[in-house]
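Enquirer: Spelled out, the chains give:
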Amino acid sequence: MAVVKMQKLSVCASKQNRKAVLELLQRLGIMEIRTEEMDIPGLVRLDTAEQCSRFERAAENLEQAAGILGAYAPEKKKGQGLFAERTVIGRDRFASVLKEGKQYLCHAKEILAAEKEIEDCKGRIAGAEDLQLRLAPWKDLGMPLSGVQTKETCFIPGMIPGEWTKEALIRIASGTEEAPHPAEIFILREENRMTYLVCLCFRKDAEETEEALREKGFVRFAGETSGDPAEEGKRAAEEIRRMREKIADMQQQIRQYGEEDEAYRILSDAYRTRAEKYRLLGTVPQSESVFFLEGWVPADQADRLTRLLEEECGALVEPEEPEKGEIEPTLLKNNRFSENVEGILESYGLPQHGRIDPTAVMSVFYVFFFGMMLSDAAYGLLMSILCGIVLWKHRHLESGLQKMLRLFFWCGLSTAFWGFMYGSFFGDAPTVIAETFFGYTGTAPILAPIWFEPLTDPMRLLLFCMLFGVIHLFTGLALKGWEAIREGDYVGFVSDICAWFVFLIGLLLMLIPSALFSSIAGMTITLPGWLSDAAPVMAGAGAAVILLMSGRRKRNWGLRIALGLYDIYGVTSWLSDVLSYSRLLALGLATGAIASVINMMAGMVAGIFGGVLGGIVFVVIFLLGHTLNIGINLLGAYVHTNRLQYVEFFGKFYDAGGEPFRPFRTQNRYTEIKEERRS
Amino acid sequence: MSMGFVMALVGAALAASLAGMGSAWGVGVAGQAAAGVVSEDPKQFAKVLILQLLPGTQGIYGLLVAFLTLSNIGLLGGNPALDMGLETGLAILAACLPIALVGLMSGYHQGRTSAAAIGIIARKPDQFGKAMLFPAMVETYAILALLVSLLSVSFIQI
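Protein chains in written order, with our numbering: chain A, 1 to 679; chain B, 1 to 158.
Treat the hints loosely; a few may be bogus.
Facing chain B, from chain A, some residues (calculated, C-beta under 10 Å) [unchecked claim]:
| hint | residue |
| --- | --- |
| 1 | L463 |
| 2 | I630 |
| 3 | V639 |
| 4 | Y646 |
| 5 | Q667 |
Note that these hints are calculated values from the structure, not bench results. We put the beta carbon where it would ideally sit given N, CA and C, even for glycine.
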């Protein structure tokens, strides 16, 4: 449980060693380099934007090409998809790929061009097919669809819904007796309740004629075709055939590089790493012959790094004092169990330097509360087993994902623990199965709870939830106290922490023997006489200290007392915080109750069918229902465990504000290079 | 069938339907926002899906209370308490009301908060932890209501 101590170093080296220094730093990946703030007159910065973007683009091209190859050769690669895993390769493989880099990049660009061509062809095929479809009804026309336009007549091809006779259509097209506009109609074909026709009329009447037809749903043929429909159709078919051939060609061309996708990924990593190096280089201030760097290193690595830089690159390295107002980057170090919640902490915000790292304390409560909310032995075991298998099979997962999976592994165990405590295994599945299929008629559950079943005595569990809440909150307050002591703020420790403890414990001791409490708990607790005498004294003394001391930075006594009163009023927030832990009960009950409902339904339906069919129906309902229940309650448990940590627990002592440590390092997404690190 | 039995059924129906309506409303509102984000940045699908689902729990809570009620009045066990007294029926109806009403309102408002939180993901995808917290705040009240309904329903003796 610690924020790693950091040391600021400044590096100065001759320009001829620039490459060596940067590559060493990048390979080690233990220094966060900050050069933006270095304003030394007379120094210049290189413009490396062009190289940087060139390598980035190359990396992206290679990545896309590798993706395309993957799609063409659907080999079963382990860990692909959900759990993308880095491949471990040796130094020599890496070097040989890098040597052929230019050639691989050429191939990758060819692949991308071919893929683009294929997409183009597919677009043209779609267009040609559409044209074919639209031309099909016109193939007997024997003349272009644009028709023969003369000076006086007009040629209108189109279609009209329904089945029509020639006479009927002519009647419609020719208008009324008062305003006739003679027209001739040729019906070409009728299919799918559509009539395809050509209308010939005088050019001056064209609009009226078309309008008259349109009232019956006539649609003019739209499209740019000049030739005979039959000819055009053939041409489209020819085009489709040609495009298909071309696609096959292109696919062949792509396939010839089929085995190269791993090399592309390795190379894209290497290029991305180089782009990162150039990006940094562009921020490094340099003179004619030397350049300067500044940055943060974990303090225990500072000596090693200094020695390496001095010996290998002839650099001058000096430890520096941080400037005023400079925020040190935060790197956390925790034990193997606690480090798994670092991601959860990080999404709230990292601690600043000099403040405590709550990870270790939080990890215990996190796993404990998560288990209470999900609280089903089978669900927990499933979770743990699944996470365990994934972790076992994929050893080179990205570290954030790995931590998350490990966290869920532990949460699963805790869930299983609480499941057995509550006697819940897929809800009351053991009992239901025994009753449905094995004629069990007893009243006792098959899987007896170790502790007690929540639904039989919810008030008791509610009290325990609140007890856990009080412990959680008091731990938070104690951490705040510890921080105050570490900073040497003893007045603050007594008046802000101890006073609150005395006040709250006094209040609790007054509450416990009261009638209100015993009616909720269903039992009466009698405290020893001296304790119940002490309780009001404690509460009063605590309140008095808070009243007088919490506004101690104010000179004005009126204001000071007012602030004190306001702080005492804060006890209501303690009340609501403690009540908030009732979600431990509610979500725990929800899991168990929904699970029992699923079991009940499965059992009822199975009872109706009976026999083998009943068994099958039972299994189907059981699987579907419990999958749904796991999903919903997993989400709920995750969200609300986070909430209890973020709002209730952190609210008592923690404010984030640290900046994560971002060392300058290699940018490997796909590969992990196995090498002997020189130390 | 007695009036009491009808009242108890009305309670179960209200719990399932009002809370379900709240969730449907909320998940719908959040889903529109989620679809917008995914159309711009498909990589955020998993995150926005979780945020969209958050207002869905009210419906589950309502369903849960409804089922407990139904099982309490014997409807699920095939032995319904058809001659239940009016007072008992009304008591069950009252017990169902917290999750029904709070489920409706909190589902809707949690959905709107989720939609806003999905907006956070669109601009700052790394702030998922904080974005998730705002809708979870609203849910607290649904959980409290669930607790009251759950305890009341399971305490009422038929």
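Enquirer: With reference to the structure, classify each hint as holding or not holding.
Expert: Hints, verified against the model:
A cut of 10 Å between beta carbons decides the hint on L463 (chain A): the least distance to chain B is about 13 Å, and the hint is violated. The interface hint given for I630 (chain A) is broken, as the beta carbon of that residue sits about 13 Å from the closest beta carbon of chain B, more than 10 Å. Annotation: interface hint on V639 (chain A) holds; nearest CB of chain B at approximately 5 Å, less than 10 Å. Hint status for Y646 (chain A): holds, given a least beta-carbon distance of 6 Å to chain B, under 10 Å.
Residue-level restraint check for Q667 (chain A) is violated (minimum Cβ-Cβ distance to chain B is 17 Å; threshold 10 Å).
Violated hints for the displayed structure, listed by number in ascending order: 1, 2 and 5.
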